[in-house]
Amino acid sequence: MTSIPMWGGPPGPRPTPPSGPFYTSAEMMTVAAARALGNDDICFVGIGLPSAACNLARLTHAPRINLVYESGTLATRPDVLPLSIGDGELCETALTTVAVPEMFRYWLQGGRITVGFLGGAQVDRFGNLNSTVIGGYGSPKVRLPGSGGAAEVGMGCGQVFIIMRHSPRSFVPQLDFLTTLGHGRTGIERRQLGIRTKGPTLLVTDLCIMRPDPQTNEMVVASLHPGITREQVREKTGWDVRFADVVAETAPPSAEELEVLRSLHARTARAHGTAGGSES
Amino acid sequence: MEFLTVHDAIARHVKDGDQLALEGFTHLVPYAAGHEIIRQGRRNLTLIRMTPDLIYDQMIGMGMARKLIFSWCGNPGVGSLHRLREAVERGSLEIVEYSHGAMAQAYEAGAAGMPCAFFRGYRGSDLPAVNPDIRFIRCPFTGEEITCIPALRPDVTIIHAQRADREGNVLIEGIVGVQKEAVLAARRAVATVEEIVEDFGPRSTNAVILPHWTLSAVAVAPRGAHPSYAHGYYARDNRYYIAWDAVSRDRETFRAWMRKNVLEAGQ
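Just so you know, the sequences run in chain order A and B.
For the first sequence, my numbering begins at 350 and goes up steadily by one.
For the second sequence, my numbering begins at 81 and goes up steadily by one.
Keep in mind that a hint or two might mislead.
[Stated by the list, open to error] Calculated cross-link-like contacts (lysine to aspartate or glutamate; reagent style EDC-like; alpha-carbon spacing at most 20 Å):
no. : chain 1 : residue 1 : chain 2 : residue 2
1   : A       : K547      : B       : E224
2   : A       : K490      : B       : E166
3   : A       : K490      : B       : E174
FYI, nobody ran anything at the bench for these hints, they're computed from the structure.
All chains, full assembly: derive it from the sequences and hints.
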C-alpha cells in the first residue's frame with residue numbers, strides 16, 4: 350500500500366510550507382486511531398493496523414491500557430509488533446495467557462473487553478464489515494481469510510473501533526458478504542436484535558474520522574485530517590458520504606507520536622526481517 | 081500410549097478419509113507430523129484447524145484434502161494462503177466455515193462429550209446462510225435466542241508440545257490455544273515433542289499437562305514445529321512465513337519446493 354504524502358513530500362519543493370514535522374497519511378491514520386484509546390480501556394486487538402494503533406497508544410498517552418490478543422494473551426506489552434496473532438513476544442510480555450476457548454467465552458462473550466479494534470476488506474455506511482469474500486460465496490473472485498475472531502469481537506466488545514484505508518473498493522454501498530455485524534444493513538438490525546453492546550462507534554481512515562449518526566447509525570465524517578478536502582473523501586467513498594454539521598480538523602501527529610511510531614516500526618522491521626514502514 | 085517414531089505414529093494413526101485436526105494456535109503448529117503425512121501420501125482427508133496456516137496450504141496444494149473446516153485462512157501478517165485460496169476459488173475444496181470463538185467451543189464441546197456448542201454469535205451475519213450447521217436454539221430459562229453448532233470430534237488430533245516425560249505425559253507451555261480441547265475431543269491423538277525428559281521438574285501447579293492416557297502415541301520431533309515455534313526452544317521463523325508467499329503463488333514453484341523440502345527431506 351502506498352501512503353499519500355500529506356505535506357509536500359520528497360522529492361521536489363513542497364507546495365505549502367509545513368508548520369510541523371512531515372508525516373504520511375498512514376501515520377496520520379494510526380495516530381488518530383491511537384488517540385481514541387485511553388488508560389481505562391481493555392482492548393481486543395486485531396493484527397496489522399489495529400495492533401500498531403493500540404501499541405502506539407500504550408507507548409504514548411495510555412501506558413496503563415490493557416491489550417488483549419485472541420491467542421489468549423491478557424495485558425500484553427510487546428516491544429515489537431507481532432507478525433502473527435500468536436507471536437511468542439505477546440505471550441512473554443503478557444500478564445497471563447489463557448486458552449483460546451476461555452478467551453472467547455469468559456473474556457469476550459463474558460463482557461470483560463471495553464473496545465474491539467478491527468480492520469476489514471470492505472466496510473459499509475453502517476460499519477458492517479466483510480473479511481470473507483469478494484464476489485459470491487460459492488464462486489469467489491477473491492477468497493479472503495474469513496472471520497477469525499472478528500464476528501465475535503463485533504458482538505462481545507463494549508464498542509468497536511474500525512481502522513481502514515479509504516478507497517471506493519473498500520468503502521462500498523453493499524458488502525459482498527457480511528462477516529461482522531456493525532449496525533446492520535439498514536442501520537437498525539443491531540438494535541432490533543437486542544444486542545446490548547454498542548457496535549462500531551468510530552471509523553478512522555487515512556483521510557478522516559467517522560462516527561455514527563445518533564439517529565440513523567450511518568457513519569458520517571466528524572473530522573478531516575489536515576489538508577484533506579470533502580471532495581477527496583467523496584471520491585474515495587463508494588456511497589454518498591455525509592458530513593457532520595460541524596466537521597473538525599484532526600490535529601496533526603505530534604513529534605512525539607511520530608517518533609514513537611517510527612521507532613516501533615523500525616524495531617518491528619528489524620525483528621521480522623521486513624522492509625517495514627509500509628503498514629503504519 | 082506408546083512411544084513411536086513420527087513415521088510409525090502417522091502410519092498407525094492417520095488413515096485415508098480421516099477427519100484430521102492438526103492444532104496449535106500459531107504457536108506449536110505440528111509441522112513435522114504434517115510433513116510426514118504428506119510423505120506418506122494420505123488422501124481424501126477432512127482437515128480441521130482454526131487457522132489452516134502454511135501446513136494446510138501445503139497439504140491442500142498436494143491434493144490430500146477434500147474438505148476443510150476452519151475459522152481463519154490466511155498467512156498471518158503476510159496475506160493469502162495461495163494454494164488453499166486457489167482450491168476454494170476453483171471449487172475443488174469443500175469448506176465449512178466458522179469464526180474462532182465458535183470453533184474453539186466446538187472442540188470444547190467435543191472434549192466435554194456434548195453433541196453441540198452454544199454461545200452468542202453470528203446474529204446479523206451472513207455466515208449462517210452459507211453454513212447450515214450454524215443454527216439457533218432458544219434458552220429454556222430466559223427465552224434468549226442462542227447460536228448452536230455441532231461438536232467437533234476428529235478421528236485423530238495431532239499436536240506438538242515442548243516435552244513428554246518417561247510415562248508419556250505431555251507438557252504444553254506458552255500460547256496453549258485449543259490443543260487440550262482438540263486432543264480430548266478426538267478418537268485418537270498423537271503428540272510430537274521437542275524432547276523426552278526423566279521428569280518435568282519445577283513447574284506451575286497449574287501447568288497444562290495432557291496425561292498419557294489421553295494420547296495414543298508420543299513421538300520425538302526436535303524442531304517439529306518449525307517454521308512455527310516452540311516457546312522456550314526456538315522462535316517463530318517469520319522469514320519463512322514471508323517467503324512462503326512467493327513460493328506458493330505459482331503451482332510449479334510450489335511443487336518443486338515441496339519435492340525438495342518435504343518429499344525428499346525425509347524424517
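Assess, step by step, whether the Cα of K490 of chain A is no farther than 20 Å from the Cα of E174 of chain B, and give holds or violated.
Holds, at about 16 Å.
Run the distance test for K547 of chain A versus E224 of chain B: straight-line Cα separation, threshold 20 Å.
Holds: K547 of chain A and E224 of chain B sit about 19 Å apart, inside 20 Å.
Hinted pair K490 of chain A and E166 of chain B, Cα distance within 20 Å:
This hinted pair holds, its Cα atoms lying about 10 Å apart.
Taken one by one, the earlier hints all hold for this structure without exception.
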